[in-house]
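Student: Protein chains in written order, with this note's numbering: chain A, 52 to 369; chain B, 52 to 721; chain C, 6 to 225.
Everything labelled a hint here was simulated from the structure, so no lab data went into it. Among the hints, a few may not be true.
[What the hints assert, rightly or not] Quick look at which bits of chain B chain A covers, simulated, 3 or more residues with Cβ under 8 Å: (1) 130 to 144; (2) 459 to 466; (3) 475 to 486; (4) 572 to 578; (5) 631 to 644.
A virtual CB, placed ideally from N, CA and C, is assigned to each residue, including glycine.
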Amino acid sequence: MAIALDLLVQFGQMLLVLALAPLLTGYVRKVKAHLLRRQGPPLLQPYRDLLRLLRKEVVLAHTASWVFRAAPYLVFAATWVAASLVPTFATGLIFSYAADMIAIVALLGSARFMLALAGLDVGTSFGGIGSSREMMIASLAEPAMLMVTFTLSLLAGSTQLSSIAAFMQGAGVGLRVSLALALIGLVMVAIAENARIPVDNPATHLELTMVHEAMILEYSGRHLAVIEAASYLKLLLYVSVIACVFFPWGIAVSGQGPAAYLGGVGVYVLKLAACGFLLAVFETAIAKMRVFRVPDFLGAALMLGFLAALLLFVSRAA
Amino acid sequence: MALTGLMWCVAALLAAGVAAVAAARVRAASALVYGTALCVSTAALGIAGASLLTGHATAGTLTLPVGLPWLGAHFRLDALAAFFLVVVNLGGAMASPFGLGYGRHEETPARVLPFFPAFLAGMNLVVLADDAFTFLFTWELMSLSSWALVMAHHRRSGNAAAGYLYLIMASFGTLALLLAFGLLAGSAGDYAFEGMRAAPPAAGMAGAVLALVLIGAGSKAGLVPLHVWLPLAHPAAPSHVSALMSGVMTKVAVYGFVRIVFDLLGAPIWWWGALVALLGGITAVMGVLHALMEHDLKRLLAYHTVENIGIIFIGLGLALAFEANRMSAAAALGLTAALFHVFNHSLFKSLLFFGSGAVLTATGERDMERLGGLVHRMPLTAFAFLVGSAAISALPPFNGFVSEWLTFQAVLLSPGLPQWLLKFLVPAMGALLALSAALAAACFVKAFGVTFLGRPRSDAARDAVETDRWSLAAMFILAALCLVAGILPGYFIDALAPVTQALAGAHLPRQEQLDWLTIVPVAQSRSSYNGLLLFLFIALAAGLGAEAIHRWASDAVRRSAAWDCGFPDPSPATQYTAGSFSQPIRKVFGTVVFRAREEVHMPPPGDMRAGRMHVRMRDVLWDAFYAPITGLVGFGADHLNKVQFLTIRAYLTLVFGALVVLLMVLAIWQ
Amino acid sequence: MDQLALDVAHLFAGGLVLVSFMLLYQDRMTGLVNVFALHALVVSTSVAWQANIQHAPHLYITAAIALAVKAFVIPMALHRIIVRLGIHREIDPVVGIGQTMLAGIGLVALSIMVMLPITAQAGTLAREDLAFALSVVLLGLLMMIARRNAVSQVIGFMSIENGLILAATGAKGMPLVVEISVAFSILVALIVIGVFLFRIRERFDSVDIHALHEHRGEQP
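Chain A on its own, in the form it takes in the complex:
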C-alpha cells in the first residue's frame, strides 16, 4: 500500500515537470517582452505551439535515416527522465535513488549525443555547424557541471540530490566560499546548456548566432514538437537543480503526507517564477558573446568549479 502511494507520488512528479515546463518558458518570454515594453506572446503560447506542431505532418529529407526519426523521442525520454529525478516539491521519492547528479548530467549528455547525431544526419552544413558547436560547448560545460557536483557532494557527503537538498536545509552549512563559487559556476553552465543569451540566442534563426537551432533546423511537425518539449524540460531541470540545492527551504520530505506535498508544489512554483524572472532580466541586460568567447566563459565556469572543489579538498572550513 505504501509502495503504491510512493509510486503515485513519483509519477505525479513526472507529470508535474512535464506540465510546468512550457509554462516556465512562456513566463520567461513574457517577462522579457515586458522589460522591452512589448506585450509579448500569451503565457500559454508554448502549449499552443506544441499542440499545433503535434498535429502537423512531418517533412523528411530524402537522406534522413532512422536515427533522424528516432532521435526526438530518445532526446525527450532522456531529458524527461532526468527532470523527473530532480527533487521539485519533495525529496527522497522512491525512484530518486536510481540516479544521482552525475547520472543526471550523463543523461543530459545522452540526449545531446542523439541530438548532435540528428544534426549530422541529413548531410547539410547547417546541421554540422550546430552539432560541432554544441559538442564544443558541451566539452567544457559538462566538466564544469561535474566539478560543481563534486563540490556539492564533498560538502554534503553524497552525490544524491535528495541528500544534498536535505543537507543544505540543515543548520550546519553556513555561508561558504565554495558554495558561492559553485552557485556562480552552476548558473553559468545552466545558461550555456539551455542555449540562452549570452551563449546562444533561442529566438533567432540566423546561422551566425545559433547552436541549438541549427541542429534542429530540419525537424518539423511532431518531431519538432517533441524536441521543443525536451528543451523546455531541460530549462526546468536546471532551474529545479539550482532551486533544490541552493534554496531548499520549503521542500517536503518523502512520507510527510499530501499537505506537505501540496505546500512543496506551491513553494516550487514560486521558486520557478523567481528564477524565471531573474533569467529574463539577465538575458535582457546583456548582449550575446561571439562564439569563440564562449570557451572562455565556460572555461571560467570550469575554473570556478575546480577552485570550489579544491578549496573543499584542502580544508574543511571553506
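Place chains B and C on chain A using the hints.
Tutor: Here is chains B and C on its own, set in the frame of chain A:
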C-alpha cells in the same frame, strides 16, 4: 582442475597455429583455424568464468618441466588471473567469428592464420604465468606474434614503419620489465613469483621497480609518453587483430602492471598513487585530443584506446593511494572501477574495431572524409557501431557510464587522504577525467556522424554493401553485452569481489540483494545508481510517447528535399567533414596542445580559383622527446660505425683491453 | 552569531579572489576599470565588516578611504586618461585568457599550500583568509605580467595593494598611519604614472609596452 583445462586450451591454440603454417594454402584453412580458436576460446572463457564466480579460495598452481632447468615454468590461476582470462578469451571468442567473415577477403592468409592462435595462446599464458622467466617469454611470444600480424600487409604504405616502431618499443618495454624482475628477485635470485611475494623489496628499490614497470607495462598499454607506437601499429593489422590488440593486449599489459605493483611489490607508498594517477590523467586527455584531430577511423579508435587506458590508470592510481593510507574500502572501490573499465573497454573497443573493419571491407576506405551515408547501405553495422559509440562515450544506460561513475565515486572519497600533494592532485585528475569523458562524446559524434550519417562523399561509400553474418553476429553479441553490463552492473561488481579482496584486502558490499538491482558502492546514504530502472524508464518514455503521438496526434510523413534554409546544395562536399567538425575544439584546445595553426588563402574577388585552408599541427611529444632520442641514436651510430673498419691488430687490441679491464675489476672486487 | 560573522568575513575574502579572477577575464579596458572599482568596493566592505566584528572604529576610516579613493576617484581618473590618450580599448593578453585563468588557479593552490601549514596555530578561518589574501596579491602580479598594456599593469599593482589591505585588516590591530601613507603613496604613484603616460603619448604616440620596448636604451 581448472588450470589443467586452461593449459590444454592453450596447447590446442598453439597446435592450431602450427597446423596453419602447413595448411595455409588449403581453402578451408581459414574456417578451420578460426573455428578452432572460437571453440577453444569459448571453452577457456567458460572455465575461467566458472573459476572466478565460484571463488577459488586457494589458487591452483602447476609446474611444467620446460624452460630454465633450475626454475621450470610455473603457472597459477587465482582470482586476478581468472578475471583477466575472462577478458582475453571473450575477446578471442568474439574476434574469431569476425575473422571468419573478414578473413574471406584476406589476400595472404598464410601471413595471418598461423599467428592469430599463437597470439591468443601468448596472451592466455602471460596471464597464467607465475614466474619471471615464463612471464617474459610469453610476453615476447605475444608481442612477436602481434608484430607478425601487424606486418601481414607489409606492402601497404606506412605499415612497415609502424611494425618497425612497434618492435623497438616492445623490445624496450621487455627490457624494462626484465630489469624490474631482476630488482624484484633481489640478491637471492628467486625468480618465482611466490618467492618475490614473500620478500618485498625496500622502499627505494620498490620505487625503482614501479618506474620500470610503468615504462615496461605502460608502453605496451599505451601510457603517455610511450604511446606513440599504438596509433601506428594497431590500425595496420587486420581489423580483428586490431580489436584484439586494442581491446585485449593492452589489458594484458594492465594485468602485468596490477600483478607486479599490487601483488609482488608489497605495501605501496603514497607517491606511487600520485604518479600513476597523474600519468593516467595526462594520458586520458592527450589521447582523446589526438583522437579528435584524426580522420582515419582506425587511428581514431587507437587513440581512444590510449584515453581509456588513462582512465584505467587513474583508477589504479587512486587505489594505490588509498592502500598506502590504509583505506581498504576506498582502495577496493578504485580497483573495482579500474577493473570493470578493463572489461567494459575490451567489449566496446572490440565492437568498434569490428565495425571499422566491416566498413573497410565494404568500401575499401579508412578515411572518414571519403565515407558517409553508410547508415542506409549498412544499417546493421551502423546500429552496432552506434551502440559501441554510446557505450564508449559513457552514456547511460550502457556500461561505459558505470565504470566512469565508479571512478568518480572513488575520486569523491579522496578528501580523506592526508598528503598535501594528493589533496591537490586528485581533484585535478577528477577534472581531467570529466574533460576526457566530454571530449570522448564529441569524438564519437564525429566518428559515427561523419562515417555513417549524412550523404556519401565518394563512390565507394555510395556502393557499399552490408557485411556477412559472422561479423554481424560478433558485433551484435558485443553490443548486447554492453547493454547488459550497463543494466545489471551489480553482478559484475560482485564477480570482481574476490579479485579486490586478494589485492586490496577489502571488497565492495554485495550488490545482488539490493532492491531493484541498484548498485551501492559505498553506502546507501552516499550514492547509488540503477541502470535497469533508467533503461526501462527511457525505453518506456520513448516508446509510449512515440506510440501516443502517432495514435492521437499525427503520423503523416512526407519525403522531400532537405530544407537547409532554402539553399540546399546537391554536392555532398558541402556537408560537414571530420576536420570541420573538430575545428571549434581544435581552436579551443589545439592551439596549446598541438600548436595548431590555421591559414586561409582566399583568392581575390573575381578570381575563379578555389580557396585553400592549411592546418598545421605538431605532436609536441614527438618533437620534445622522440626526435632528440632518434637524433642521438643516429649520431652515436654514425660515430660507432668507425669500429667496423678497423685493422686486425686494432681488433686484437680491443679484445686484449677488454680482458685486462675485466681481470682488474675481478681483482678489485675480491 | 559569532560563527556567522566569521563566515561573512570569509565570504568577503573569497569574493575578493573571485573579483581578481574577473579582472583576469576582462578583455576590454572599460570593463577592466569597472571591475577594479568592484574590487575596491569589495575590499572596503570587507574592511568595514572587520571594523564591525573587531570593534575597531578606526577601520571604518580605512574602509572609507579605500572606498572613496579606489572605488571612485581612481577609476574615474583612469576612465579620463583612457579617453584623453585615446588608448586602444582592447587588452592584448600574452597568452590566452584560458591559460591565464589556469595559471591563476595554480597560484591559488600555491598560496594555500604555503599559508595553511605555516599558520597552523591560528583558527581555520583566519588561516584561509590569509591564504586568500596572498592569492589576491599573486593574482595581481599575474595580471601585471600577463598583459601588454600599461593601464592593466597599474590596475594589477593596485589590486596587489588591496590584497595587502585584506591581509592587514584580517588580523587584529593595524595602525591607521600605515594605511594613510600607503594610500597616499598609491595616489602619488598613479599621478606619476599618469604624467608619464602623457609624456610617452606625446613622444611615441602609443602606450603599448611592446612598442615601447624597442626604444629602451640597452637593447641591441
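Student: Does each hint hold? Answer for all of them.
Tutor: Structure-based check of all given hints:
Using a Cβ-Cβ cut-off of 8 Å, 0 residues of the region 130 to 144 of chain B lie near chain A, which falls short of the minimum of three, so the contact claim is violated. By the rule of at least three residues with a Cβ nearer than 8 Å to a Cβ of chain A, the coverage given for the region 459 to 466 of chain B holds, with 6 such residues. Counting residues of the region 475 to 486 of chain B whose beta carbon lies closer than 8 Å to any beta carbon of chain A gives 8, which meets the minimum of three for the stated coverage. Using a Cβ-Cβ cut-off of 8 Å, 4 residues of the region 572 to 578 of chain B lie near chain A, which meets the minimum of three, so the contact claim holds.
Here's how the region 631 to 644 of chain B fares: 8 of its residues keep a CB closer than 8 Å to some CB of chain A, so the rule of at least three is met and the hint holds.
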